[in-house]
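> Using the sequences and the hints given, assemble the complete structure.
Below are the chains, spelled out letter by letter.
There are 2 protein chains.
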Amino acid sequence: MNIFKLASISLLASTLLLAENSLIDKAKTAGLQPIPADKAALMKLIDPNHTISEAKVALGKQLFFEPRLSKSSIISCNTCHNLGLGGVDGVPAAVGHHWTANPHHLNSPTVYNAVFFDKQFWDGRSPTLEDQAQGPMQANPEMAAPKALVEKRINSMPEYVKSFQNAYGKEVKINFETITATIGIFERTLVTPSRFDSFLNGDKEALNAAEKEGLSVFIDKGCTSCHKGIALGGTMQTFPAVGKYSYANVGDFKGDKNGKVKVPTLRNIVQTAPYFHNGAIWSLKEAVQEMGKTQLGIKISEADSDKIVTFLKALTGKKPEIGYPQLPTSTERTPKPDFK
Amino acid sequence: MNIFKLASISLLASTLLLAENSLIDKAKTAGLQPIPADKAALMKLIDPNHTISEAKVALGKQLFFEPRLSKSSIISCNTCHNLGLGGVDGVPAAVGHHWTANPHHLNSPTVYNAVFFDKQFWDGRSPTLEDQAQGPMQANPEMAAPKALVEKRINSMPEYVKSFQNAYGKEVKINFETITATIGIFERTLVTPSRFDSFLNGDKEALNAAEKEGLSVFIDKGCTSCHKGIALGGTMQTFPAVGKYSYANVGDFKGDKNGKVKVPTLRNIVQTAPYFHNGAIWSLKEAVQEMGKTQLGIKISEADSDKIVTFLKALTGKKPEIGYPQLPTSTERTPKPDFK
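As you go down the protein sequences, you meet chains A and B in turn.
For the first sequence, this note's numbering assigns the number 556 to the initial residue and increments by one for each residue that follows.
For the second sequence, this note's numbering assigns the number 556 to the initial residue and increments by one for each residue that follows.
In short, the hints are calculated from the structure, not lab data.
Virtual Cβ for every residue (Gly too), placed ideally from N, Cα, C.
Keep in mind that a hint or two might mislead.
Said to hold, decoys possible - On the chain B side, residues computed to face chain A include the following (Cβ under 8 Å):
hint	residue
1	Gly-645
2	Val-646
3	His-653
4	Trp-654
5	Asp-775
6	Thr-779
7	Val-825
8	Asp-859
9	Ile-877
10	Tyr-879
11	Leu-882
12	Ser-885
13	Glu-887
Okay, here's the thing in structure tokens:
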């Protein structure tokens with residue numbers, strides 16, 4: 556190899572290196588952020604109030620998988636937020652108690668990385684995971700369990716009482732609020748770092764050339780105007796009046812009082828079809844094009860949509876290992892399943 | 556301590572030892588058998604045809620937790636045979652597709668230790684776990700999935716196809732039979748050794764005095780005439796015509812063509828309320844007394860029922876550790892959830 560060839564390869568390599576450095580800069584400038592690789596930095600983000608402990612997470616995991624928190628005793632948090640299916644149920648509108656679909660035709664959002672959302676629920680009415688967990692448990696078309704029933708069920712099982720005392724101290728009041736908050740604490744740990752994070756954290760080989768190109772197109776098209784931050788979503792954004800857009804023509808959901816809607820995370824997006832608040836679109840490419848049209852006012856070409864989808868696939872993250880929990884044994888004091 | 560006292564303690568110890576040896580003999584003579592402590596002996600029992608492999612068990616576990624095997628895509632084997640709840644749903648009659656209760660009012664039997672049953676289903680119509688798994692998946696009030704739908708769903712996901720090829724070889728035909736058989740293979744591993752097994756296997760301290768007394772009463776009252784073998788159940792036994800007994804006054808189930816009914820296992824029995832084929836009785840003590848009355852024609856006193864229940868609690872076994880499986884991602888070819 557002559558010196559000229561060597562120099563030109565070296566120049567090419569430097570250019571690529573520069574390009575990749577500048578893609579990371581470009582992504583960060585556009586508001587994209589990685590899940591921190593550093594454990595202390597991550598804990599600071601997911602546990603700002605220092606509520607996480609091993610005992611609370613283990614108990615929260617049991618409660619997350621606990622069907623006796625529903626009126627019928629056969630629906631758990633995991634029924635609609637299935638941790639084996641990207642944290643969702645994979646159906647357009649959640650189906651709960653009495654086989655009732657969500658009356659507003661709302662799609663179950665993933666619990667993975669939900670800790671990074673500014674707000675919870677599609678209309679952002681809940682500030683935290685701990686608060687959010689109170690909703691579906693009581694909602695009639697979901698778990699349909701009144702607070703008092705939830706409290707009676709859990710307090711009727713000595714194994715649960717012991718676990719709560721172990722997690723919070725002997726004086727703990729095992730009420731609806733502590734039960735749901737413990738589920739929220741478990742959910743804080745459901746974080747799924749991906750190759751995208753490795754890339755933003757400096758590993759330039761973590762994404763391949765096509766994924767890098769897709770990331771660049773994703774930014775250039777303006778997707779990051781809503782899909783930003785660590786979650787690539789999770790903030791409230793203006794969502795034009797329903798009826799005007801094809802994907803909104805299902806259900807009666809209109810967002811919060813300002814018509815704003817929570818932007819769904821794009822992490823693990825290939826696992827969480829169907830898409831949008833109403834689960835109206837199954838194809839990720841179609842969803843990308845629909846968003847271009849309705850939210851950005853542009854036509855995203857076939858080629859560019861494919862490139863963006865290629866990038867989105869790199870957002871599939873590594874799930875935490877979840878040992879399926881053994882649940883406490885019911886006692887004669889445990890309120891019976893109620894199918895009414 | 557004088558020599559006389561020492562001698563009398565030694566005599567007492569020998570008597571107890573004799574008593575315990577003879578209780579083990581008595582139990583074995585009555586037809587009770589332990590889960591073998593020896594792994595090779597256990598494998599011979601649970602895997603007579605050498606179908607178990609690590610790859611098949613891992614795949615079978617995914618399929619056991621796979622809601623897309625149901626028509627709706629929200630009901631899995633684990634919905635009614637919850638591995639965190641003793642392998643059952645804890646409701647009187649199984650509730651499935653369209654929130655439909657089992658039309659014969661049949662209670663979901665546990666999958667734990669079902670490998671030790673002679674027959675599967677309450678009417679014993681199935682000879683193996685592999686065969687049994689075909690039933691609930693297709694049954695309308697359960698998972699309601701036609702064979703062709705199940706096959707299309709699984710074959711639409713490359714990750715599943717790869718796992719089947721990995722487990723069975725490149726030429727595998729991924730059809731309804733192989734899918735359900737793989738679930739059966741996973742279920743063969745759901746064995747829960749208990750302190751009772753340690754006792755029968757020779758560890759005389761594994762049961763305490765009250766449990767030993769309970770075991771003795773259990774045998775003396777004749778419970779082992781049906782609840783015998785490794786499963787303490789699992790054989791077909793005469794079951795007098797329904798209507799005559801209070802616990803049978805629910806549903807229209809009449810057993811097999813000879814009126815015989817599969818005896819449920821007593822392993823993990825405190826975790827599997829409500830009891831009987833129709834889930835009509837919630838209290839274990841009441842169930843013991845009812846069985847005395849209707850099956851043995853005797854009145855089992857309060858004290859003796861308590862003793863038997865004390866023994867039954869020692870049948871709660873150690874569950875295998877189950878990592879909650881990550882399931883393959885649906886593709887655009889995957890048939891959509893169907894709630895009709």
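> Take the hints in turn and mark each one as holding or not.
Consistency of the hints with the structure:
1. Residue-level restraint check for B:Gly-645 holds (minimum Cβ-Cβ distance to chain A is 6 Å; threshold 8 Å).
2. Below 8 Å, beta-carbon pairs count as interface contacts, and B:Val-646 has one with chain A at about 5 Å; its hint therefore holds.
3. Among the interface hints, the one on B:His-653 holds; its C-beta lies about 5 Å from the nearest C-beta in chain A, closer than the 8 Å criterion.
4. Interface hint status for B:Trp-654: upheld, as the beta-carbon distance to the closest one in chain A is roughly 4 Å, under 8 Å.
5. Contact between B:Asp-775 and chain A, as hinted, is not supported at the beta carbon level, the nearest pair being about 26 Å apart and thus beyond 8 Å.
6. At a threshold of 8 Å, the smallest CB-CB gap from B:Thr-779 to chain A is about 24 Å, leaving the interface hint violated.
7. Nearest Cβ of chain A to the Cβ of B:Val-825: about 6 Å, under the 8 Å cut. The hint holds.
8. Taking 8 Å as the C-beta cut-off, the interface hint given for B:Asp-859 is violated, the closest approach to chain A being about 19 Å.
9. Hint on B:Ile-877 holds. Least Cβ distance to chain A is approximately 4 Å, under the 8 Å limit.
10. Hint status for B:Tyr-879: holds, given a least beta-carbon distance of 4 Å to chain A, under 8 Å.
11. Because the beta carbon of B:Leu-882 sits about 4 Å from the nearest beta carbon in chain A, less than 8 Å, this interface hint is met.
12. With 8 Å as the threshold, the beta carbon of B:Ser-885 comes within range of chain A, its nearest partner Cβ sitting at about 6 Å, so the hint holds.
13. Given the 8 Å rule on beta carbons, the hint for B:Glu-887 holds: about 6 Å separates it from the nearest Cβ of chain A.
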